[in-house]
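Quick note, the sequences are listed as chains A and B, same order.
Residue numbering for the first sequence follows the working numbering, beginning at 1 and increasing consecutively.
Residue numbering for the second sequence follows the working numbering, beginning at 1 and increasing consecutively.
Keep in mind the hints are simulated off the structure, nothing from the lab.
All residues carry an ideal CB built from backbone N, CA and C; glycine is no exception.
Do not take every clue at face value.
To be verified - Residues from chain B shown here face chain A by an in silico Cβ test under 8 Å; the list is partial:
#1 T121
#2 N122
#3 Y128
#4 F170
#5 Q171
#6 R193
#7 L201
#8 F305
#9 V309
Stated by the list, open to error - Counterexamples of contact, computed for chain A against chain B with all Cβ distances above 10 Å:
#10 K22
#11 G109
#12 E132
#13 E168
#14 K171
#15 K286
#16 N297
#17 S380
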Amino acid sequence: MLQLIENENIRETVNGKRVITKKPELLAPAGSLEKLKVAVHYGADAVFIGGQEFGLRSNAGNFSIEEMREGVEFAKKYGAVIYVTTNIFAHNENMAGLEEYLQAIEEVGVKGIIVADPLIIETCRRVAPKLEIHLSTQQSLSNWKAVKYWKQEGLHRVVLAREVGAEEMLKMKKEVDIEIEAFVHGAMCIAYSGRCVLSNHMTARDSNRGGCCQSCRWDYDLYEEVDGQEKALFTDGDAPFAMSPKDLKLIESIPHMIELGIDSLKVEGRMKSIHYVATVVSVYRKVIDAYCADPENFQIKKEWLEELDRCANRPTASSFFEGEPGYEQQMFGTHATKTNWDFAGLVLDYDQETQMVTLQQRNYFKPGDTVEFFGPDIESFKLEVGQIWDEKGNELEVANHPLQIIKFKCERPLFSYNMMRKENI
Amino acid sequence: MKKPELLVTPKSVDHIKSLIEAGADAFVIGEQRFGLRLAGEFSLIEVEEAARLIHESGKKVYVAVNAIFHNDRLDALENYLKELQRIGVDALIFGDPAVVVAVRELEMTIPLHWNPETIATNWFQANYWFERGAKRAFLARELSLDEVIEIKENAKPEIEVQIHGMTCMFQSKRSLLGNYFLYRDQVMEIENRKANQNMFLHDKERKNKYPIYEDLNGTHIFSPNDMCLIDELTELFEAGIDSLKFDGVLHTEDYINTVTKCYRQAIDMYFEHGVDAYEEIKDELLEKIEKIQPEIRPLDTGFIFKETVY
Numbered sequence: 001m002l003q004l005i006e007n008e009n010i011r012e013t014v015n016g017k018r019v020i021t022k023k024p025e026l027l028a029p030a031g032s033l034e035k036l037k038v039a040v041h042y043g044a045d046a047v048f049i050g051g052q053e054f055g056l057r058s059n060a061g062n063f064s065i066e067e068m069r070e071g072v073e074f075a076k077k078y079g080a081v082i083y084v085t086t087n088i089f090a091h092n093e094n095m096a097g098l099e100e101y102l103q104a105i106e107e108v109g110v111k112g113i114i115v116a117d118p119l120i121i122e123t124c125r126r127v128a129p130k131l132e133i134h135l136s137t138q139q140s141l142s143n144w145k146a147v148k149y150w151k152q153e154g155l156h157r158v159v160l161a162r163e164v165g166a167e168e169m170l171k172m173k174k175e176v177d178i179e180i181e182a183f184v185h186g187a188m189c190i191a192y193s194g195r196c197v198l199s200n201h202m203t204a205r206d207s208n209r210g211g212c213c214q215s216c217r218w219d220y221d222l223y224e225e226v227d228g229q230e231k232a233l234f235t236d237g238d239a240p241f242a243m244s245p246k247d248l249k250l251i252e253s254i255p256h257m258i259e260l261g262i263d264s265l266k267v268e269g270r271m272k273s274i275h276y277v278a279t280v281v282s283v284y285r286k287v288i289d290a291y292c293a294d295p296e297n298f299q300i301k302k303e304w305l306e307e308l309d310r311c312a313n314r315p316t317a318s319s320f321f322e323g324e325p326g327y328e329q330q331m332f333g334t335h336a337t338k339t340n341w342d343f344a345g346l347v348l349d350y351d352q353e354t355q356m357v358t359l360q361q362r363n364y365f366k367p368g369d370t371v372e373f374f375g376p377d378i379e380s381f382k383l384e385v386g387q388i389w390d391e392k393g394n395e396l397e398v399a400n401h402p403l404q405i406i407k408f409k410c411e412r413p414l415f416s417y418n419m420m421r422k423e424n425i
Numbered sequence: 001m002k003k004p005e006l007l008v009t010p011k012s013v014d015h016i017k018s019l020i021e022a023g024a025d026a027f028v029i030g031e032q033r034f035g036l037r038l039a040g041e042f043s044l045i046e047v048e049e050a051a052r053l054i055h056e057s058g059k060k061v062y063v064a065v066n067a068i069f070h071n072d073r074l075d076a077l078e079n080y081l082k083e084l085q086r087i088g089v090d091a092l093i094f095g096d097p098a099v100v101v102a103v104r105e106l107e108m109t110i111p112l113h114w115n116p117e118t119i120a121t122n123w124f125q126a127n128y129w130f131e132r133g134a135k136r137a138f139l140a141r142e143l144s145l146d147e148v149i150e151i152k153e154n155a156k157p158e159i160e161v162q163i164h165g166m167t168c169m170f171q172s173k174r175s176l177l178g179n180y181f182l183y184r185d186q187v188m189e190i191e192n193r194k195a196n197q198n199m200f201l202h203d204k205e206r207k208n209k210y211p212i213y214e215d216l217n218g219t220h221i222f223s224p225n226d227m228c229l230i231d232e233l234t235e236l237f238e239a240g241i242d243s244l245k246f247d248g249v250l251h252t253e254d255y256i257n258t259v260t261k262c263y264r265q266a267i268d269m270y271f272e273h274g275v276d277a278y279e280e281i282k283d284e285l286l287e288k289i290e291k292i293q294p295e296i297r298p299l300d301t302g303f304i305f306k307e308t309v310y
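Take the sequences, apply the hints, and build the full model.
The structure is reproduced here in structure tokens:
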């Protein structure tokens, strides 16, 4: 078990048993309305989305104001809330339209914005005062005195730099009374976020306005210059110089983070698939709930860890949370690979009497395939697919049309929004 | 019209003497514990000596405290700031808001210069930090000339822009060179090399070479070209930019001296003899710089005439 750092105010003793009274928020990414709904359904307390302007990730699916409204309404039914990322560093030309945009976000019922540029902070305070203001990780917030600065500026929450470790977080919580949000899962910047313009130099795409082309994932050759001569610092068999970080995974540190009193646990990935969002959110949900209910007897289950790995496309690491990351937290000579498991279908309906499941095809599968079902309301289980039919009752040899409606028999009950995945061999 | 300040980065106390002769108006010094990517390393004793020397010549000295601080360096920062107040430097260059808080708490009177490098991208931010004590804002090097001019037109603080030298395009807290050698099980190579400032990454696809080194603040990677605006200064002069910075990081003293002299001549020519006089000598000045430019580092004009998309 991890060495716990004491932070009072987060727990109490009920009938002689310690329980956690301050559960952190589980914050999930969503690049579309469908992903937002899945994130909420799978247990996210809050979802962050991007609008069509002022956010990083210009390639991610971004929300129109009307889609935001629908997302907010959907989340509300589950007691969840929506934040909008507006975390570019604006150039002069980006100032137009900001006021109207922030007012529209406020009007649809979004709870807060995640923001880096003081231009947007101050404008929001002036024209959309009901929105909470959360400082983005793009400000590279790394020390408690800077946290104090943003507290004095009236911010509701700060998202820490990815370089901040557990001890540092504790000190921040002790020194300043402000909500702290920290990343727990997903892809990383290897640089201090906001302090990298590799993309600007290499491809004329502005990383701080959403154009990052991920130059840090490329390979380079390392040389030194001695007396005007260039000398290679590698030989033929060596992996090239690389700075590609493994993805962050703090699932096993969640108890530690809860004890530190971190207010919001953030999953990265507005560009990621619906399968990723569902899997990651459901596993973190289980860990948070299990630990808070009974911290003394908490043990992480092997199935949870295995489940999480099913949507991973890079090796994972703990980054700065447990100390300075070494070479083993970077990828040399390898790049992202496909995940081992494909999202094969989304459950739309289940008939208890006939034991027939109706699902929407999301990837090729056929009778005889072994698939796995998972979801917030079931324990994951495997099934060998028997006969399959289309919507009209015609028997099929394969399910190979995207979004096709497929029916087949499954003896164990399923619920809408459950997912079916298939190992790719 | 007021002459802009010519701001340079000395490598040592001795170097300051030759830079004063070369015509520099102001100097950025400091140490890596508190400042980022400095051309030279100056202990507090050297800062004091440098300040005396610079003030005797009627010039200005600014100390860089623009690191991204972690908790473990905050106490040292406070002591450092007190010493700088005692020495009486002319400005503190900061990026981290922790410095603003510390300066308030210590009731310091030294002016602040806001310089967070890549994120200083619009005039609103410049004015925001002005209201919080910054007398000057240094603009991101990734801005175009039009953006720089528009910021100057709308900004309350003085505006400083880089006109020559290398620009940092990446800072990681991780030990990326050390990690690469460790991965290859070459621990000795790290001891020998990682603090050296003669390494570069070769990007074969773009045929670029990016200088890279490590220090207390992590790993730093620099632009493949040196920006050089010696023949493009007219519009910056007309816009009334307050300070022109030549960042000499990773260059030799001789190089820094020669380039400083060229900019001194350009500024004086424009402001004492008019725009035509400057236009007449600018190509000659460019040639002078080209002659001493290291082969590995081509010159360009940074983002001044380059648009970025997103």
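Against the structure, the hints:
no. : hint : verdict
1   : T121 : holds, 5 Å
2   : N122 : holds, 5 Å
3   : Y128 : holds, 4 Å
4   : F170 : holds, 5 Å
5   : Q171 : holds, 5 Å
6   : R193 : holds, 7 Å
7   : L201 : holds, 4 Å
8   : F305 : violated, 12 Å
9   : V309 : holds, 6 Å
10  : K22  : holds, 23 Å
11  : G109 : holds, 27 Å
12  : E132 : holds, 19 Å
13  : E168 : violated, 5 Å
14  : K171 : violated, 5 Å
15  : K286 : holds, 31 Å
16  : N297 : holds, 33 Å
17  : S380 : holds, 36 Å
In summary, the structure is inconsistent with hints 8, 13, 14 from the numbered list given earlier, while agreeing with the others.
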